[in-house]
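Chain order of the listed sequences is D and X. The first sequence begins at 1 in this note's numbering and counts up one residue at a time. The second sequence begins at 1 in this note's numbering and counts up one residue at a time.
Calculated directly from the structure, the hints in this document are not laboratory data. Since we're looking at a predicted model, the values are computed, not measured. Check each hint, because a few of them may be wrong.
Below, in silico cross-link-like pairs of lysine-lysine (PhoX-like), each with a Cα-Cα straight-line distance of 25 angstroms or less [claimed, not checked]:
(1) 18/X - 28/X
(2) 98/D - 88/D
(3) 177/X - 88/D
(4) 177/X - 193/X
(5) 193/X - 243/X
(6) 98/D - 18/X
(7) 88/D - 28/X
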Amino acid sequence: MSAYFAFARSSFHSQLAYRNEVWANIFGKLVQVFARVAIWQAAYAGVGAIVVDGVSLQQMVTYALLGGAVMGATRPERIIGEIGRSLKTGDVAVWLLKPLSYPLYLFANECGSFGYRLMTQVIPTVAFTALFYGMLPPASLFDGLMFIAFWALSFTLLFLMSALFGLVAFWLMTSFSLDWILGALLQLFSGLLIPFWFFPEPLATIARHLPFAWVVYYPNAVYLGRLSMADVWLHFGLGLAWAALFLAGVLWLWRRASSRITVQGG
Amino acid sequence: MTALIEARGVSKRFRQHKRFPGLLGALKTLVTNEYTEVLAVSDIGFDIAAGEAVGYLGPNGAGKSTMIKMMTGILVPSAGALSVLGRTPHLRRMDNAREIGVVFGQRSQLWWDLPLVDSFTLHQRIYDIPVARYADNLRRFSELLDLTPFLDRAVRQLSLGQRMRAEIVMSLLHDPKILFLDEPTIGLDVVAKDAVRRFLAEINRERGVTIILTTHDLQDIETICPRLIMVDHSRLIFDGELKSLRAALGSARRLTLEFASDPGPLPLRTAALVSDEGLRKNYLIEREDISLVAILSEVGSGRDLKDVALHEPDIEEVIRTFYQRRNADQRSNAKARAS
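Full structure from sequences and hints, please.
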């Protein structure tokens, strides 16, 4: 087990090699967050109301900032790219030669870079924009704690989805549009751009039941206190079930991929 | 002694999806389901005992890497039985992994963005190497291969030669019983090649690590491996000592005589003249039993002889002779069948 902690740590350290990226990323994230906040300000000003559908502008700004925080430290396209590349070039053979689990290694690796991006990019950007626009505290202590748990779940789900897409790429022998597809699905159905309460029916109901909802929408909704305590627990359980399902999918595909590599040579 | 590695009639066949060239071809590739079969390894058998150093030699595409991959357990044989350390490698990949070391000349196992020593500590974690054992191995191997000066440098800043030395050190840190090397000297300069070869020979001699290396550089085999397995077109064509290959082929020795003044044409009974540059004459000695003394006495003392050089056939020549004879045999067989 200590090997996986070591992977997480070394992945954290590897990121230090690309220090210049930090400023570019902070800048990019700032622009994104400012843009999202500006959209909501404009929308609320256009309607001329302080509260729309029971949601205040201040809550919407908080939602936009949180969305950036929750999603900002994971790079699905990197995970898809890495899996696709190592399967295609055969570098994955190196991992098959070691007494360890490749999916778990990837996860440990992602944990390390997540930690790094969280500390160097996400927290500074969110803190900065929060100073600028103001950000609401969690609706209650319970909601705040559960938000952290939902965040961890969101990270795990995002990793598993990316790994799944990356493995699928092995059979399609191309990963080119898969990261785009996942990216597009996430933009819309995670609730990153628009929370589901502004979605028209039946789209809102559909979106609430898709696994992508656990990536941004549910963590944020919990933070803002939009879910009753019973609903929080229920949705946490549902999220765990999605994660278990994706985990099974990843492990199954990985077993098929590795058996294909060992029989077909990639 | 029981064999550490046993191969019996091992074959590997790959199915390749047929691809058609061009844009229309690409579409055709998508809808057709045609395969071509490629036989990479066919019916190969050998035994390797503990402590041996074996060179696995053959031209490109002869199935060398495929065989290594099967022995390390990352490729499943299509037919035949393979046993490494008493296990079927692909069924017990994890257990196998702990007891073998593998180096790919063309595929790095080091962590690109980290200082070299970090790759080693990660390796220590992966293989649960006891700390004292790890420190001891690292110190000794680093000294032998002169890694100490750049242990703190990031892997991506190392030269190819430095990196390959590091790969080899890493593969040995967990005290593997067998070390597999796939083209370990590829792309290295002469000095680096030499360092790697001497190190491997020493590891084999002093630690008793069994070494199996593929190469198409014959010098590797000459310095490291007393035993040679040759493959060509997926088949085994020779398995035995390098010495016996040499003896069996009886490759001719080359003799150069240099004179202070041109003695004119000088045919000899004991050696065949191959080129005559006047002052310098080159001969081939086909027979093994002819001594230099016999030749010199035939040349006689009144010839103004300045210098004599006798070259033992090097491995390249031995192997070239081997291939030439085999091809000649095949041609004559074909002719015999045709007539």
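Hints, verified against the model:
Between residue 18/X and residue 28/X the CA atoms are separated by roughly 10 angstroms; this keeps the pair inside 25 angstroms, and the hint holds. Simply put, residue 98/D and residue 88/D have alpha-carbon atoms about 19 angstroms apart, close enough for the 25 angstroms limit, and the pair holds. Between residue 177/X and residue 88/D the CA atoms are separated by roughly 31 angstroms; this puts the pair beyond 25 angstroms, and the hint is violated. Annotation: proposed proximity of residue 177/X to residue 193/X holds, straight-line Cα distance about 23 angstroms (limit 25 angstroms).
A C-alpha spacing of about 22 angstroms is found between residue 193/X and residue 243/X, which places the hinted pair at or below 25 angstroms, so the restraint holds. A C-alpha spacing of about 32 angstroms is found between residue 98/D and residue 18/X, which places the hinted pair above 25 angstroms, so the restraint is violated. Annotation: proposed proximity of residue 88/D to residue 28/X holds, straight-line Cα distance about 22 angstroms (limit 25 angstroms).
Hints 3 and 6 from the earlier list are contradicted by this structure; the remaining hints agree with it.
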